[in-house]
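When you get a sec, could you build the whole thing from the sequences and use the hints?
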Amino acid sequence: MIYVKNILFIISLVLVVNTSNSQNHINSIKPNIVWIVCEDISPTLSMYGDFTAKTPNLDKLAGESIVYDNAFAPVGVCAPTRSSIITGMYPISIGTMNMRTGKDIQSWGVRKYENKIQITDIEGDTIRQYSAVVPSNVKCFTEYLRADGYYCTNNQKTDYQFAAPITAWDENNSKAHWRNTPKGMPFFSVFNFGSTHESKIWLQKKPLTVNPETVPVPPYFQDTEIARNDIARHYSNVEIMDAEVGQLIQQLKEDGLYENTIIFFYSDHGGPLPRQKRAILDSGLKVPFMVKNIGSSDIGRTDRLISFTDLAPTVLSLAGIQPPNYMDGSAFLGKYIAKPRDYVFGSSDRFDESSDRIRSVRNKQYLYLKNYFPKKTKYKDISYRKNIPMMNELLDLKEQNKLNEIQLDWFNTKTTEELYDCEKDPYNLINLAENPDYHKVLIDLRNVNDEHFKNFPDLGMIPEAQLINRMWPNFEQPQTDIVTLLQEEETIYLSTTTEGASIAYILSDNPNLELDYNSHWKLYSTPIKAEKNMYIYTIAERIGFKESDIVMHQIK
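Here the numbering used here = 1-based position in the sequence shown + 1192.
Rather than coming from a laboratory, the hints here were simulated on the basis of the structure.
We treat Cβ as the ideally placed atom computed from N, Cα and C, and that holds for glycine.
Be aware that a few hints might be false.
Stated by the list, open to error - Calculated cross-link-like contacts (lysine to aspartate or glutamate; reagent style DMTMM-like; alpha-carbon spacing at most 25 Å):
#, residue 1, residue 2
1, Lys1556, Asp1650
2, Lys1375, Asp1340
3, Lys1556, Asp1495
4, Lys1556, Asp1242
5, Lys1562, Asp1613
6, Lys1572, Glu1597
7, Lys1567, Asp1548
8, Lys1572, Asp1544
9, Lys1562, Glu1597
10, Lys1714, Glu1691
11, Lys1246, Glu1431
12, Lys1570, Glu1545
13, Lys1295, Asp1673
14, Lys1562, Asp1534
15, Lys1738, Asp1313
16, Lys1375, Asp1701
17, Lys1738, Glu1363
18, Lys1570, Asp1544
19, Lys1252, Asp1242
20, Lys1567, Asp1544
21, Lys1616, Asp1534
22, Lys1606, Asp1650
23, Lys1568, Asp1617
24, Lys1646, Asp1636
25, Lys1252, Glu1431
26, Lys1590, Asp1548
27, Lys1606, Asp1636
28, Lys1632, Asp1617
29, Lys1590, Glu1405
30, Lys1616, Asp1495
As the list claims (entries may be wrong) - FRET-style restraints, in silico, Cβ to Cβ:
#, residue 1, residue 2, range
31, Ser1391, Lys1632, 39 to 45 Å
32, Asp1317, Lys1295, 18 to 24 Å
33, Ile1622, Lys1375, 56 to 62 Å
34, Ser1711, Thr1401, 39 to 45 Å
35, Pro1649, Asp1251, 38 to 44 Å
This is the structure in C-alpha cells:
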C-alpha cells in the first residue's frame, strides 16, 4: 500500500537527464517499437527449419525481418532472464540469478515477501523471499526511454526478480497498450504471451491441433505415447501463440502503424520440456529471435551472436539514445551499434528448491560449461516440473532401467568441464572435454570463461542467504527515502537521499487524490515548471527497496 503525507520539503537536486524540446519533434525522429515476447520456446519454428507447428503469422513476419540464428538467453528460465532484459545486465552481475526471489511476477508485483519458505541455498541455509537490490547505478532501461519522450507500456508480465519500480512504465497491467499513447509521443510497447509456458503442457485443455504421431522426438526422450502427447501439446500451444501474434499485428495495421514500427519477436528462453527449461545447454538458452525494422532493406538472416543483455542497449540505440556505459550488453542495431560479439555467456544457480552453480561460454560453434559442483546430477529434482506427464514417465523409466545411455546421461553426475560441438551435435549429447582432438578448443574457451568472470562480478559465488542479508540488512527490506522539493521562482526541483532511487510525480489541482501504482505517474528527469496553487504528489523507489511514502507538496 502507498501512504500519503502532506508535507513540504526543500532540498537541492543534481540534474541527470535532458529531454527533447517538443513531443511533436520527438515523434518525427523517434521510431515506435513493439516487443512480442512468448515463453519457453526453442528455435523450433519454420524459419529455423521445423515445420511441425503451422505458424502463418510468424512466417509472414519472418519474411519481413532479420532472423537471428544465434540468439541466447543468459539463464534457461524466465525470471533471471527477464531481469537481464530489463536492465541490460547479466543476472550474476546484479544478484538476480536465483529462481525465484518472490512473487513479483505480473504488473507491479505482489510486494509481499514471506520469511519462511522452506528453501535452502547452496550452503544449506534457509532463505526468505525478497526483492533483489541491484547496484545503485542500474535502472530499468525504459526510464531512459521515458526521459527521452517515449510512452512505455508493458502487458503485463514483469518477473524481474524485483518489483517493477513505479518509474519503469507509463502503463504496466493487463490493459497496457500503445493505443493509450498521448498524441505526438513515440511508444515502446511490450506484449507478453504466456500460451507456450511450461505450465500450459498440463493446464491447456484445448484439443491438440498437432498430431502426436508427426512430432519429432529428441533422442534424450524415449519415444512413448506420453512423450509424443506432451510434445504435441507444446507445438499446439505454439499455434495458439501464433494466432495471438497475428491479432496483435493486425491491430498495428488497423492503426496504420505497422510499416513504421520496429517489431521484435523472441522467446524468453528455450523450450519447456525436461532437459530443456532450466538447462544451460542450447535446449535451454537458444531462442527464436527476429526484428522487423523500418524499411525493406533489413530483411534476411544473420549468424551474429546475440545475448539478451544486448536488448536494452539495442532499443536505446534504435531510439537514438546512447546506452549507458555500465550496461553489460551492447547494441546490435541502431545509431550506437557495436562490433559483433565473439561469445555469449550463461549461468545456472538455484532453481526453486534445487541449487547448483554452472557457468557457460558459447561461440558460434562450441559450448563450454564449467561445473562447480560436479557431484551433483545434471537433472534437477524440481517439484514444479513433475506436473509434466513425460517427466514422471522419465523418472519411472529410469527406475525400471529402461533408459538408453543417451537418455540416462541426464541423471548422471557431471564432469568438471563439458564441451559440445553444436554444429555436429545440436542436442549437446557428446561431451568432448576429454577428447584430445578438441584440447585446444577446450583450453581457449576455458580461458575465455575465466577471463570473463574476472571482469564481471559474479554474485552467484556468494551463498544466497548471505547475499540476501547484504541486500536486506538483518533480512528486512529497506525503504526508499521520501522525495523533497525545492522551489526557486517558477522552477521545481525534486530529490531523495536514497542513492540510486528514481522519482515519479503527478501534478493536480486536487489535494485529495487517491493514488496507486496505476495512476500514470510521470518520471522526473528535469526540473518542473511551477504552476501556482497546484499540488504535486511525489514518490521515489530504488530497485529492491520498498517505495517511499507519497508526499504531497503545494506549489506556491
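Here's how the hints hold up against the structure:
1. Lys1556 <-> Asp1650: It holds: about 24 Å lies between the C-alpha atoms, which stays within 25 Å.
2. Lys1375 <-> Asp1340: The hint holds at about 15 Å.
3. Lys1556 <-> Asp1495: Satisfied, since the Cα-Cα distance of roughly 8 Å is no more than 25 Å.
4. Lys1556 <-> Asp1242: Distance of about 20 Å is within 25 Å: holds.
5. Lys1562 <-> Asp1613: 16 Å, holds
6. Lys1572 <-> Glu1597: 18 Å, holds
7. Lys1567 <-> Asp1548: 10 Å, holds
8. Lys1572 <-> Asp1544: 10 Å, holds
9. Lys1562 <-> Glu1597: Between Lys1562 and Glu1597 the Cα gap is close to 22 Å, so the pair holds against 25 Å.
10. Lys1714 <-> Glu1691: 20 Å, holds
11. Lys1246 <-> Glu1431: 6 Å, holds
12. Lys1570 <-> Glu1545: 15 Å, holds
13. Lys1295 <-> Asp1673: With a Cα-Cα distance of about 24 Å, the restraint between Lys1295 and Asp1673 holds, given a limit of 25 Å.
14. Lys1562 <-> Asp1534: 19 Å, holds
15. Lys1738 <-> Asp1313: 24 Å, holds
16. Lys1375 <-> Asp1701: Distance of about 23 Å is within 25 Å: holds.
17. Lys1738 <-> Glu1363: Holds, at about 20 Å.
18. Lys1570 <-> Asp1544: Status holds; Cα separation ~15 Å.
19. Lys1252 <-> Asp1242: Satisfied, since the Cα-Cα distance of roughly 15 Å is no more than 25 Å.
20. Lys1567 <-> Asp1544: 19 Å, holds
21. Lys1616 <-> Asp1534: 19 Å, holds
22. Lys1606 <-> Asp1650: 22 Å, holds
23. Lys1568 <-> Asp1617: Cα-Cα ~24 Å, so holds.
24. Lys1646 <-> Asp1636: 15 Å, holds
25. Lys1252 <-> Glu1431: 14 Å, holds
26. Lys1590 <-> Asp1548: Holds, because 22 Å separates the two Cα atoms, which is no more than 25 Å.
27. Lys1606 <-> Asp1636: 21 Å, holds
28. Lys1632 <-> Asp1617: Holds, at about 18 Å.
29. Lys1590 <-> Glu1405: Judged against 25 Å, a Cα distance of about 24 Å means the pair holds.
30. Lys1616 <-> Asp1495: Status holds; Cα separation ~16 Å.
31. Ser1391 <-> Lys1632: 39 to 45 Å: Given range 39 to 45 Å: holds, Cβ gap about 43 Å.
32. Asp1317 <-> Lys1295: 18 to 24 Å: Given a distance of about 21 Å, which is inside 18 to 24 Å, the answer is holds.
33. Ile1622 <-> Lys1375: 56 to 62 Å: The hinted range 56 to 62 Å holds for Ile1622 and Lys1375, with Cβ atoms some 58 Å apart.
34. Ser1711 <-> Thr1401: 39 to 45 Å: Roughly 42 Å apart at Cβ, these two residues keep to the hinted range, so it holds.
35. Pro1649 <-> Asp1251: 38 to 44 Å: 42 Å, holds
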